[in-house]
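K.L.:
Residues per chain are reported as follows:
Number of protein chains: 2
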Amino acid sequence: MAVYTDINEVELADCLKKYDIGTLLSYKGIAEGVENSNYLLRTTEGTFILTLYEKRVNKDDLPFFLGLMEHLAARDVSCPLPVHRKDGEILSELAGRPAAIITFLEGMWLRKPQAKHCRELGAAIASFHLKGQDFPIKRKNGLELSDWRPLWNQARDKADTVQKGLVAEIDGQLDELENNWPRGLPSGVIHADLFPDNVFFIGDDLSGLIDFYFACNDTFSYDISICINAWCFEVDGSFNMTKAMAFFKGYESIRKLEPAERDAMPLLARGSAMRFFLTRLYDWINVPDGAFVVKKDPLEYLRRLRFHQSIKSPSEYGLN
Amino acid sequence: MAVYTDINEVELADCLKKYDIGTLLSYKGIAEGVENSNYLLRTTEGTFILTLYEKRVNKDDLPFFLGLMEHLAARDVSCPLPVHRKDGEILSELAGRPAAIITFLEGMWLRKPQAKHCRELGAAIASFHLKGQDFPIKRKNGLELSDWRPLWNQARDKADTVQKGLVAEIDGQLDELENNWPRGLPSGVIHADLFPDNVFFIGDDLSGLIDFYFACNDTFSYDISICINAWCFEVDGSFNMTKAMAFFKGYESIRKLEPAERDAMPLLARGSAMRFFLTRLYDWINVPDGAFVVKKDPLEYLRRLRFHQSIKSPSEYGLN
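Residue numbers (numbering that gives the first Met the number 0), protein chains in the order written: chain D, 0 to 319; chain X, 0 to 319.
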């Protein structure tokens, strides 16, 4: 949660003149998103989100992210929509940063999702996978298998101070993942970060998906394994098969999984647990402590990785 | 800016049942307020602010703060209004903290206020002073003259590491303030923290005052001196007499200053500069560094204090 860049009312009002969305009534920094600065804008025409892209986002990727939102929304995947300026552009510059105004998506993310919400999520991500297939722009996953070892090498020296034995364990896990990673599975555009805070609900109905800033071209079932890691474990670290079954039921109501995708699920889930373990570990070691920084425990994802390693058959996930 | 306490949708929806404000559509943590956690709520009935009072706020003071908002709003001082529950109460409990829902005040705070805004501010705070006079609850100022030396003593040991010579200078300044502090000036309820981020405007019109959590019974002209410190200095530290004249013009269009209040202004302004210098210094020394903590430079207020010390006559503030 963060607002990295403050903006003043003069530059903001100037910027809004380029759009056809009325005049400014208020803007408030909101504590959502960890990569960018986000403001809730209210104008005489309605409510919008203003995003300033901070330096962790590559400006060259913005046409992919924003174009994807437009592509999906046009195909009835509910998500926020970039607002075009009067000159047709969707990017502006504010406080020296690229900026976009997007429509406000009503709804809230669930701190306590239940199985019924996982089913909704499954159907939504399956729809995302199908509808994204004819999106013409491509983007490589910036945190795929081949990126994990370099990331690990930036944390490896200090890893045993986080937990004794970590170096040997992760070295071995990476070897296994690199030697056995499944290839040639159905692929296309994936969200790649579909944690609960990126899925909005109104009551029990999914109202839309947000935050497409990790989206990329990769394996659908890897995206699924991210959802399993993010949604189907309880606070105590235990796996909740009821939620996973509901998720898969929702997913397969829209897109059937191939046998090879099911068989690969335990290894893909180990991989996605590794990916989040590594970015959390990197932040854990490298981000300075401070009252407002909530660093996420990397070991939570190590425990998930170990759980997936223990899986003998996809049926243990509730996959029949 | 902060959201200290996260809340979940289950406890929030339960809490909202006690109010008559519709059902929940969304809630987002907002990066405003430094003492409490604030959420922007959207329900089927409108937009509201939910405040969770963190431990720096004394729960016993809440009837003063919330009652004052109701008292002033009933007398046409524009400010947010606490929403009563169906049972008549204005305080709830959420995530173990006292919580209140208040109406959403449209408008935004100005990062770059101009003289015309200072005039509006002057009229608004004069009206606040007059309309607050028959408010029946009393609250002592928790950061008044007698509190400054104890606060200083918690920072004094390390003060010379912030700037060489600080210990001698502040010791001397506190002696002078304690020996010469004006007594018996017109007093009543003051806001005590009327910085630009607590005053909302729509265009050039002041739309209301917010954040009454330092309000207390104290000297009106001390409150005025806080506004002068907070609004009438430029980024480079220079005093802007045009803004001060506009402020006083606005103030005196509603309430005339007595000669004793004018004469006391330089000393009161030194005092309010000291008060903000000391709380900033305390935070500077005691709050750990972190990527998300923006600690405010205490020396900015030391420079203001020195400026006020150089004032020979209230006319140098633009007071005739």
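Derived by calculation from the structure, the hints in this document are not laboratory data. Keep in mind that the hints are not guaranteed to be accurate.
Below, in silico cross-link-like pairs of lysine-lysine (DSSO-like), each with a Cα-Cα straight-line distance of 30 Å or less [claimed, not checked]:
{"#": "1", "chain 1": "D", "residue 1": "LYS17", "chain 2": "X", "residue 2": "LYS130"}
{"#": "2", "chain 1": "D", "residue 1": "LYS58", "chain 2": "D", "residue 2": "LYS130"}
{"#": "3", "chain 1": "X", "residue 1": "LYS27", "chain 2": "D", "residue 2": "LYS295"}
The structure presented is a predicted model; accordingly, all values stated were derived computationally and were not measured.
K.L.:
The structure should be examined with respect to each hint, and the outcome stated for every one.
P.N.:
Structure-based check of all given hints:
Note on LYS17 (chain D) and LYS130 (chain X): the hinted pairing is violated, with a Cα-Cα distance of about 42 Å set against a maximum of 30 Å. Taking the CA atoms of LYS58 (chain D) and LYS130 (chain D), the gap is about 25 Å. The hint holds against a cut of 30 Å. Among the hinted pairs, LYS27 (chain X) with LYS295 (chain D) is consistent with the structure: their alpha-carbon atoms are about 20 Å apart, no more than 30 Å.
Checked against the numbered hints given earlier, this structure breaks only hint 1.
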